Every structure is written in structure tokens, then in C-alpha cells.
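K.L.:
Here the structure of chain A is known, so what remains is to put chain B in place on it, guided by the hints.
As a plain string of letters, each chain reads:
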Amino acid sequence: MEEEHNSNEKENALCGRSLTAASRDGGGRMPAAPLAQGKVERGKVYSGDGVLGYLEMLEAQAHELGLKQEEKEQQEKKLDRLKARVQELRARRDELRAKVELQEKRLLDKEGVMADPAQPSAQTVLEWKVKSLKAMLQVFYLTGISGKLTKQGVCFCISTAYEGTYLDSYYVDLLIKPLVKIQRHSVPVFIPLEQIAKKYLQTDIRRFLSVLSDHLNAYVGRRHQADQLEEHFSDHIDGTLQRNSLCNLLVFNYTVSSNSKTFPFNVRLLYGDLCCSLPTEAIISCTPGTLPLLAEMAAAHSNAFRHMALHKAFDSLINAKESQN
Amino acid sequence: MDEVIVEYIRRTVLKIPRDEIMAVLQKWGFLSEAQLQTINFRQTKEGISHSVAQLCEESSADLKQAALLDIIYNHIYPNKRVWSVYHMNKTGEETDFFDFRDFKKKFRRQIQSALINVTINFREYEDNAIWIRIAWGTPYTKPNQYKTSYVVYHSQTPYVFISASVLRSNLPLLCQAMVVASNYHDIHEMELRSHCLNSLKDIVFKRYSQNFQTNYPLQERNVLTENVDLRINDENRSEKERIYRLNQESFGNGPQPKLDFAQYKLETMFKSDPKWDVLEKKEPFRCLVKFSSPHLLESLKSLAPAGLADAPLSPLLTCIPQKARNYFKIREKKSLHPGSFMQITFKDHCRV
Chain A
1 MEEEHNSNEK ENALCGRSLT AASRDGGGRM PAAPLAQGKV ERGKVYSGDG
51 VLGYLEMLEA QAHELGLKQE EKEQQEKKLD RLKARVQELR ARRDELRAKV
101 ELQEKRLLDK EGVMADPAQP SAQTVLEWKV KSLKAMLQVF YLTGISGKLT
151 KQGVCFCIST AYEGTYLDSY YVDLLIKPLV KIQRHSVPVF IPLEQIAKKY
201 LQTDIRRFLS VLSDHLNAYV GRRHQADQLE EHFSDHIDGT LQRNSLCNLL
251 VFNYTVSSNS KTFPFNVRLL YGDLCCSLPT EAIISCTPGT LPLLAEMAAA
301 HSNAFRHMAL HKAFDSLINA KESQN
Chain B
1 MDEVIVEYIR RTVLKIPRDE IMAVLQKWGF LSEAQLQTIN FRQTKEGISH
51 SVAQLCEESS ADLKQAALLD IIYNHIYPNK RVWSVYHMNK TGEETDFFDF
101 RDFKKKFRRQ IQSALINVTI NFREYEDNAI WIRIAWGTPY TKPNQYKTSY
151 VVYHSQTPYV FISASVLRSN LPLLCQAMVV ASNYHDIHEM ELRSHCLNSL
201 KDIVFKRYSQ NFQTNYPLQE RNVLTENVDL RINDENRSEK ERIYRLNQES
251 FGNGPQPKLD FAQYKLETMF KSDPKWDVLE KKEPFRCLVK FSSPHLLESL
301 KSLAPAGLAD APLSPLLTCI PQKARNYFKI REKKSLHPGS FMQITFKDHC
351 RV
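Order-wise, the sequence lines are chains A and B.
If you read the first sequence in the working numbering, its first letter stands for residue 1, the second for the next number, and so on.
If you read the second sequence in the working numbering, its first letter stands for residue 1, the second for the next number, and so on.
Keep in mind the hints are simulated off the structure, nothing from the lab.
As the structure is a prediction and not an experimental result, all values here were calculated from the model.
Taking lysine to any residue and the SDA-like style, the derived pairs with C-alpha atoms no more than 25 Å apart in a straight line are: (1) B/LYS323 / A/GLN195; (2) A/LYS181 / B/MET88; (3) B/LYS27 / A/SER234; (4) B/LYS206 / A/GLN202; (5) B/LYS27 / B/GLU7; (6) A/LYS78 / A/LEU67.
With the rest of the complex left out, here is chain A (with noise of 0.2 Å):
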């Protein structure tokens, strides 16, 4: 109990000559380690009163300090660093300027006379015929067969597509010497390509690659219409779309409707020519026994799809069902 006294005794003694000491330092200035009142504003819990508490205080104190010191140091580092760089980028400015007017007066040396700004340089002449290189080499490839020069002869390159979506390329590299010969192509194995080669390749070559190219776009563009046809009207489709590698016969089921009462067809489309994308026979055939009824329909279904393109074909037959019903 003494002792407690005493401790007590003790810090009010200090934070008494604290006070004081602080009124000494002049009016109005915040003490710079505010003792009494630091004690309380920070809400620290400090293990006890008395010197040890004293001494805790004093120690977090000096840790802060020390934090905030470090923090200010690193600050400068980094603005000395800055600095320093703004220098280096400074002397690289101006080695770079240095060396732009010392070419600019060797041009004026050589050519005798400043380049009229209003012409065109000769860079970007170059840059503009190149672009229009690349726009003709572009236009080739579009038309559908380009070619390019190889060492031992010609490697063209036919880009097929259908009403107007670009698809598949595909190349013949050509031997010109001795004779005209396939060195190694791209092309499809079940596209006849030895057959069309072995008729026109030694005579007309451009008959060779019209021809081929006419397979190659037909056969894309029926595949194409089978991938619309699976892809947009497969919940109109029962069952799959029967097909096969060069895509000249498809066969397929769908069900019609006539009186409220519904009826399946079952379609056969072959493509007798290969260079042609619509089929040359369009084969309707119902339950026996229906026909009597659905001729009429069944004739104008195989008529729609011999004329038209295989997805838009069934589009129409599809929304001419629905407007019936």
C-alpha cells in the first residue's frame, strides 16, 4: 500500500514537472512529446502506471519517430533518384538533337537544297507503293486463284467461297520443267484432281485451274449449306443429316403438316455435278400409302430445293409451314 502510494506519489511528481515544463516552453506551442495528454489521447493501455508504464510509452514513442524517419529518408532517396534520372533523359535529349541537326545539315550539304516539304519523300513514296502492292497481291487472292513464282516453277493458290462468305484455300505447286507436273498440293483427296490433271494440265493450264477451281468451290459450297442446314435446322431435322466426304448426297427426314395432320418425308438430294452446288435430283418419298395426298407438296418441296440453296431452301419450306398453320 506504501509503495503504491509512493508510486503514485511519484508520477504525479513527474507529470507535474512535465506540465511545468511544458507551460515553460512558451504559450500556445504543443509540447513535443505531450506526456500527460498523450496517455490518455492515444487509448494505449499501458501495462501500469508508474515508471515502467512511463518507459513503454517513451519507447512506442521512439518507435514512431523512428518509422516516420525511415519513411522520410526513403522519400528523398527516391526524389534524388528522379532527379537524377530528369538528368540522364536531359543529356540523351540533347545528344539525339545534336545528332538530328548534324544529319539535317549533312542532307543540306549533299543535296544543295532543302527538300521542298510540300513533295513527297522518297520514304513515303516507297511506303505507298508497297500498300498498293499489298492491296493488288489482296485483290489477286480475292478474284480466287493467285499464283507465285517458285524456283522450279508455280505455286497458285485457289480461295474458294459462297454467296459471299470466304472459305478454304487450297494449293497446287506446279513443276514446269520438263514437263508440267504436280510437285505437291492441298487438295481434298476425294476431289478427282488426277482426273481434271490428266486432262487439261499438259495443254491448258488455265483450263486446268478453272476447272478446279469450279470442284473446289462447288464441293465448298455444298458443304457449306450442309453445316447451315445442321447448324440452324437441326431441331426441324429428325434425326441426322445423312452425308458423305464430298457432300453430293444428303439425306435427311423431316415432318409436314397438311389437315392438321403431320406427315414425315424423307429427302435424297444428289449432286450429279460436281461442279455444281444445287442438286440435279431432289428425292420426296412419304409412308406408302400417302403419296396420293402430299403429291402436290412433295413436288413443290423437291422444286424448292433443286432451285434454291440447301438452308434457305428449307427456311421457306419451314416458314411457308408455319403461315399454313
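P.N.:
Relative to the frame of chain A, chain B by itself:
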């Protein structure tokens, strides 16, 4: 009959890696989702296979379903079998309307007219690939489901991929059936064999990148992209670029088809210093050279840049995809200059 089928299904499931069994069974589609949920996939494969077998027995799986599962397994893991490529010829020029139903009928009829004890199943995939599974029996015994041959055929093409497995005696019948069903005239085996079915397809269908020269689309000039470490100086940079360029010309830019080996049968005369006179008789020196690799063409492509061989590589090595063969016979080159022959130069003795 049921137990045999169920056991067959169980053994097929055992072949599948444990993590993929669920996916394969879903593709199969015979067992419903509800049934699949009842299988505990944390147990051993043995346990899983028994669970599946149990479910199949309850659902009365038949031979067709079992065969379908086997086809699906082989379609997902085709590299477990060795595939040979066959080439068919036809003389007519008429357009062929390949009808899948017709094909199946003709194929089945052709085989069963000679051998009734077979199980034949077909499955068509989106890329127009037709998979045919044939389980062979004999005139006196039922088909053995474990002795199967597989045929993969893309319609309207002259190439057939066959994995005959054990019974090679049935191969002529199989080939004949293919020819008749696909409207061709004859068939012969090509000198092309590999485990990787897709690479074989890439080679014969010319689906691998062949590096054609075009004006447009503009080809980017392939400059060697290296780690730009300024402390390293390339003394032989031009040589490196030359090798790189020649390699690109021979092999192209894209990934190479995957082959396991290339075999060269030499029937050439042994050339040596005349004064040594190694062989008394001037007979061709018979020798077989076989290059094996997990990925032969990629390893050949990396020989020159790695400094193990001179660039350009011998055309005997680079012509493999173009000629679509990995069995070669090298005979004496009949030329005017004696002593000229094909030479493959390797800097060290090394296994490719």
C-alpha cells in the same frame, strides 16, 4: 450368352484409365445418368468394372451395345493399336454417290458370304470417318469378341486404315469386302505403318503443313527469335540462320505427323578402299537401318539445329510425309559415275 457379353464389357471398362471411365460411359449412352451416379468411382478399377458389369446385366446389355462400347474405346484411344494404310484403285470416272446404308449392306454381305460367323458393327463420326469393328470366328466356332480387326474409312477416298491385330488370315477377305463395298477395283498395302492413326490420316490426306509459297496472305519472314541477352554473341549467326531456313524448307512450319519409325533396307554394294578388298565376291551388302523414336519426324527436324547432322538432311529422311511411306528399299543407283550413291552424313553415332 449374357455372361460372356457382360464379362466382355467389364474387361473393356478395365482397359480405360480410371479418371476417364465416366466420360467414356457417358459417350456410350447405354447406362442412364441415374445409373451412372450409383457407381462409386473412388474404389479400385476392379471394383468399378464390377459395378458397371452389374448395371449392364440388370439392363440386359446385348452384343451390339458391347461392340459399340469397344468401338468408342478404340476411337478415343486409337494409339494402342498399330495401323496400316491400304490404297485402292478404280478405273471408272463416274461420280460416286457414296451412300452409307448401301456401303454397310454390301460390306456385311461380302464378308458373310464367305464366313458367316462374324460380328460386324459400324459407327459414323462427324468428320465422315466410318469405323468398322469385325470380330472373327471360324466356319465352326462363334465369333471371338476378343479377336477383333478395325477398319477406318473416309467415304469417297482411296485410303483405308486397317488394324488387323492377330488374325492376318482374314485380311484378304476384309480387303475384298472393302473394295466391293466402296466401288473400287483393287487394293494393295502401302509401306506406311504407325501407332498414331491421326498422323497417318494427316500424311495421306495431306493435312500437315506443307509450307506453300504465296504472295498473299503475306508470309512473315521467320526470323530466329532468341533470348535477347546482349552479353551473348553469336559467332556463327549466319550459319545458324542458314540451317534454320533449310530446315523450314524441308519440314515446314507446323507440327509434324507422328511416326514411330522409318526402316531402310539397303541392297547396295559395299564401298571401301580398293586395296583393302573386304569382300571377295561383289555382292550387294545387305543391311537394315531402322530409326525409332516416340516422334520420329520432330526428332529428324531437330537434328540439324542441334548440330547433330548437316543441313540439308538427306532427302531419304525428309521425303517421308511426301512419299507417304516409312519402309524404304535402297538399291544401287544406276548412274554413269561409278561410286555415286545416296549418303546420309551423321556427325556422331547417335540414337535419334
